[in-house]
Each structure stands twice: as C-alpha cells, then as structure tokens.
Amino acid sequence: MKTTVLLSHARHPVSDRPQLSRLEAQAIALAAEVDEAPSGLHAGRNETGVVAALGHGLTALDRLDLADTTDPLSALAAFLTRQRFDLILAGRRGEGGHETGLLPYRLAAILGLPILADAVAITPGAAVETLVVDQAMAKGARRRVTIRLPAIVTVHPLAPPPRPFAYGPMRRGTIRRHPVDGSANAADLDTAEERPHRLRPKLMRQSAGQAAGANLYVDPTPEEAARLILAYLEANGIRRYGPLNDR
Amino acid sequence: MSRPRRDPRAERQSHDVGATGSRPRYDRSQPLPGRAGVPPIVAPARSGMTTQPQPAKPELRIVDEPAFLVFAVVEAPGGRLSRFDRQVLGAARLLADAGDGGAGVVAIASHSVEGLGEAGADRVLLFTAEAMPGTVAKALRQTVDALSPRHVLFAETGDSADLARRLAIALDEPLLANVEHLTSRQAVRAIRNGRAEIAATPPRLISLGEDRIKPYEAAPCEARALALDTAPHNDDPAILSVEFIPGDPASLALSETDFVVSAGNGVSDFAAFRDLATHLRATPGASRVVCDAGLMPRAAQVGASGTVLSADCYFALGISGAPQHLQGIAGCEHVIAVNTDLHAAMIERAGLAIVQDAQLVMPALLQLLRGGER
Numbered sequence: 001m002k003t004t005v006l007l008s009h010a011r012h013p014v015s016d017r018p019q020l021s022r023l024e025a026q027a028i029a030l031a032a033e034v035d036e037a038p039s040g041l042h043a044g045r046n047e048t049g050v051v052a053a054l055g056h057g058l059t060a061l062d063r064l065d066l067a068d069t070t071d072p073l074s075a076l077a078a079f080l081t082r083q084r085f086d087l088i089l090a091g092r093r094g095e096g097g098h099e100t101g102l103l104p105y106r107l108a109a110i111l112g113l114p115i116l117a118d119a120v121a122i123t124p125g126a127a128v129e130t131l132v133v134d135q136a137m138a139k140g141a142r143r144r145v146t147i148r149l150p151a152i153v154t155v156h157p158l159a160p161p162p163r164p165f166a167y168g169p170m171r172r173g174t175i176r177r178h179p180v181d182g183s184a185n186a187a188d189l190d191t192a193e194e195r196p197h198r199l200r201p202k203l204m205r206q207s208a209g210q211a212a213g214a215n216l217y218v219d220p221t222p223e224e225a226a227r228l229i230l231a232y233l234e235a236n237g238i239r240r241y242g243p244l245n246d247r
Numbered sequence: 001m002s003r004p005r006r007d008p009r010a011e012r013q014s015h016d017v018g019a020t021g022s023r024p025r026y027d028r029s030q031p032l033p034g035r036a037g038v039p040p041i042v043a044p045a046r047s048g049m050t051t052q053p054q055p056a057k058p059e060l061r062i063v064d065e066p067a068f069l070v071f072a073v074v075e076a077p078g079g080r081l082s083r084f085d086r087q088v089l090g091a092a093r094l095l096a097d098a099g100d101g102g103a104g105v106v107a108i109a110s111h112s113v114e115g116l117g118e119a120g121a122d123r124v125l126l127f128t129a130e131a132m133p134g135t136v137a138k139a140l141r142q143t144v145d146a147l148s149p150r151h152v153l154f155a156e157t158g159d160s161a162d163l164a165r166r167l168a169i170a171l172d173e174p175l176l177a178n179v180e181h182l183t184s185r186q187a188v189r190a191i192r193n194g195r196a197e198i199a200a201t202p203p204r205l206i207s208l209g210e211d212r213i214k215p216y217e218a219a220p221c222e223a224r225a226l227a228l229d230t231a232p233h234n235d236d237p238a239i240l241s242v243e244f245i246p247g248d249p250a251s252l253a254l255s256e257t258d259f260v261v262s263a264g265n266g267v268s269d270f271a272a273f274r275d276l277a278t279h280l281r282a283t284p285g286a287s288r289v290v291c292d293a294g295l296m297p298r299a300a301q302v303g304a305s306g307t308v309l310s311a312d313c314y315f316a317l318g319i320s321g322a323p324q325h326l327q328g329i330a331g332c333e334h335v336i337a338v339n340t341d342l343h344a345a346m347i348e349r350a351g352l353a354i355v356q357d358a359q360l361v362m363p364a365l366l367q368l369l370r371g372g373e374r
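First to last, the sequence lines map onto chains A and B. When the letters of the first sequence are read in order and numbered with the UniProt record's numbering, they come out as residues 1 to 247. When the letters of the second sequence are read in order and numbered with the UniProt record's numbering, they come out as residues 1 to 374.
Bound-form chain A, shown alone (with noise of 0.2 Å):
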C-alpha cells in the first residue's frame, strides 16, 4: 500500500523553532502499520522541522520548492496526481499556515478521492484495495468504517503516541527535493488582514447553577443515600438504569 503523510511546518509553541507536528508523527505511525515504506509530502522551502519526520519512522521525504506565502493547493494536487497515492494521511488541521483544516477536503474534491476524518486506527481491510478507518467519536465510542482505495484519511489527536525518534534513520533517509513551476501557483495567501494574536480567556468550566450545598443530606439511611443518587443521575441525564424498585 503507497502511503504518504502530509507534514506541515509546524513551530513549537514556545521557542518558535520549526519542528514536526505531533499530530502529523501521529499519522507517520498510524501509515507504518499498512505500508513499511511510508513517505511524506511537504510543500515548503524550510526543512528544518519536517526531517524529524525521517526520524519518526518515514522512509523519505518529498519537498516541493514553493514559497512559504504560496497557496500549496494545485503543486500538492498535481504532485499527487503524478504518484498515485493508495493512501494519504494528514493531520485534522495542518499547522503553521492559515489551519483552517480545507487542505485534505479541498485535495480530495480535486483528485476525487473519498476523505474520512478523525481516525484513530487503521488496518487493511479483508478485501484488496479496501482500509478499514477506526474514527473517534464522542464518550469513547468508535466508527468503523471500510473504505475503497484510494483514499484521503485526516488523524484524531488519540491515536496512538508517535514512535520514538531516531537518529540514525533521520540521517539514512532520502529527501527528494521537487522544483514547482512557477506559473502554476499564482495564487497567494491573503496575510493583509492579520495582526498579532491576543491570548483570550476561556470559559470557566462550572458547575451547573445551584448554590453549594443547596442539595446536602445529612446522615440518610444508606438506602435513602443510593436511591438520591441514582436518582441525581437520571435527572442530569447522566445515565439511565431501567426501573428500580421500591422509588
């Protein structure tokens, strides 16, 4: 199975150093399980962060030469075109650039691949050219879903941890360095309207209105105890038991 990681130029939070997203060391581990010549594909003049990909398990590395400022859009679409991927895998959200997560949608509607997010395992399905993507759901459930090759899968934060690094393998490793034609990426990225981020608080996560200790029992039988509670948690809707008796 040819897979591919799509490596974005990540920057460490604090130092702003360029680096691998973890997310995307994530998906290196996630394409080392189907296919044991993982490659990966980054659009970028800067390859400072992105080797440690070698290091995390990719075989190569392949780099389109195209400005930092450039909409990689169309060299990434026309590279892929060229290869004919069984599988790619990106990171829900690419980082460093404008992160509104479009780039895998936008490629799958060009290369007419079938997209899935938010996998956290997959494995080779029964048939040929089928994946079998475990997706991440709400309260730990999970979707599995069996999908034609080829195929676009974007990786969910809970997947497994990425392989460790290593040195050697990083040194091994091949980049193939690919020139871009200038003509064919005319469109830039819009940076007029940015401005330095303000750090901006969060909602505080509370508790759900009453005062404290508005709902306080003291010394109940233990009977009188467990029925409070079970009924404390059908009335938030936390859990449903069935009918109970003597209530």
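Worth double-checking, as some hints may not be accurate.
What the hints assert, rightly or not - What follows is a list of derived Cβ distance ranges for each label pair:
no.	chain 1	residue 1	chain 2	residue 2	range
1	B	294	A	171	43 to 49 Å
2	A	199	B	294	38 to 44 Å
3	A	199	B	370	48 to 54 Å
4	B	299	A	59	32 to 38 Å
5	B	294	A	175	47 to 53 Å
Quick caveat, the hints were computed from the structure, so don't treat them as lab data. Think of the CB as a built atom: it goes at the ideal place given N, C-alpha and C, for glycine as much as any other residue.
Guided by the hints, dock chain B onto chain A, whose structure is given.
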C-alpha cells in the same frame, strides 16, 4: 455552605400578639414557627427551598416570521445537549439577535434531542438517519440552498467539524474555522501556531472553538419542528461498510470518559468499588492517597498530578477534596459526594452532597442497581 440568615424584625413580628393600644405587646414564650428545636441543617434541605418565592415560569419566546435564519449544527451524543452544543446554540442566538433581531435559530441534529428550546433554538430540523458526514453534508447543502441561512455554525470537534469542511467545499465558500472570539460584528481566529490572528465580519460558515461563547440563558424558545423533504441515505460508493462501536467505560481513559466514580480514603472494600463502577457504567478513578497506597493503579489518579477530567459527572466516594484534587474536577458539571465529614471541601463543591459512610452506601447502591436490572 450558607446558613439561612436570621430576620430579627420578622421574628419579633411573629411574636406580636396584636394588642390594641399604643404599646406593642409580644409573647416571647411561643416558639418561632418553623425554627423551633430544628438543628441548623435540616435533612432533606430541599424542603427549605419551598419557602423561597418560586420564580414565575418564563414566557415562551416565539418567532413566527424570522427575518433571516441562522443554522446551528448540534451533535448531542445520546440525545442530550453537551456543553459545546449549548455554546454553538448560544453563538447562533447571538448572531440571530444582533441588530434588529427577529431572526430564527434552526438547530440541526441527526436524532431527537431534549432541551433544544431552552438552549435557544426556534426551529428544529432532524436528519433522522444516522448517516455518514458525507451524506449529511449533501442533505445539508440542499437545505442551505432551500432556506438560505445567513450563518451556519458548527462545533470544531468530531463529525461536526468534518461536516463544516464538506459543506465549505460543496458550497465553495470560505470557512472561518476554530473561532476564538465572536460578536455580531467580527469573528477572530488564531493562525500560524497561535502567533497571529485574523478578524473578519462573521462569514456564512463558522466553526467555533470550545469554551469560547456563552450558552443562551434567557427565555426558552419554542423549538418548532421543521419538515424535511430530503432524508440522507448512505450512497457513497467508496464506503463499503459502517459499524458503530459504543465506548466501554471500564476500558476508557479518564480524560476521555464522561462519568467517573472515584474512591478515596473512605473506601476500604475495593472489590465492591470496582463492582459498583461496572454496574454504574462509569470509569473508576481514585484520589492520590489511594494510588500512593497501591490500591488503585496510578493511571486512575484524578487531580493536578494525575488526570484533569473533562467528564460531565464525577461521583466521589470517601474523598474530602484536597485543592489539588478539586483542580482535577474543575471541569465537571455534576459532582456527587459521599463523605462522613460535613465540612469537607468536596461536600461544598458537590451538586448532591451526602454525609454518610461510603462503605455503607456502596452496598446499598449495588443492591439497588442489581435489583433494577432484573
């Protein structure tokens, strides 16, 4: 814990014997109505609430002819609105009430959901089938074309985020993803690893970050059901089979689960505790003391040095509530505490506080749950 405050004037008034004449006469030998011989904390304390004036039932807010529509896509796992769903509806209400107001909020769900009216939805549109996001996006696109809403709001999580992107591609419109700050005039989102941000007037497609917008809290709306002419079907040729696997609370990580039952120093019978967790369908957790003693695995520790929970409900058995432990449950909406100490911090934090020995309450709960399952 606040004690009901004394009202000396009303107390004296209640002793007044109502004698005619210029001098007031009081009979102090009679006990005060409702206070005589009553210990300071009454069980159950809920009966004390009835003396307070009942708030009048708020009027239903009805929008008959909405000036424009705002769609809010809610996920509502298990038919119950999550915090995030309420925030999305709150944001939709904010955009609908901007300017002259008079707009309608349409909640879009894939199954019937309780409490949409209270959360701010004027209309409800149900895609009754549990479909894949790709097919829901097709049906949603038809609905957007038919009703032409001014905004469509999504939560930046799970299927909702997936749907937002599919709809953005189908409509060929920009999506303002993971919005951090939203008013009727501008929406702001972070870019470039949180180094920069972009502000724009709220576009048509917006997906919201979690804990950014307040939920709606004013008068309930009517949540009238809208008829839908297109039901989605799974007709994507690339998808061969779909299987739904429900989460098993016993094997879930503490950070992922929605209901945690936790043991502290007041619990000594851990076999019964694990049995109770299984019967409650909750994920077992523990306090630091219990993990230090080796009675529960370290992975089960709740608190600042263990796991910080994002669960909806936390059930603390025999936990007094050290500050580091309370930090770990700061995000829990519902807390139940069983503890022998009336003055424990956990009792004060809890929405349902029971002063009783956890070792006695556990077998009673187990008996009730086993009886109910028959």
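Q. So which of the earlier hints does this model not fit?
A. none
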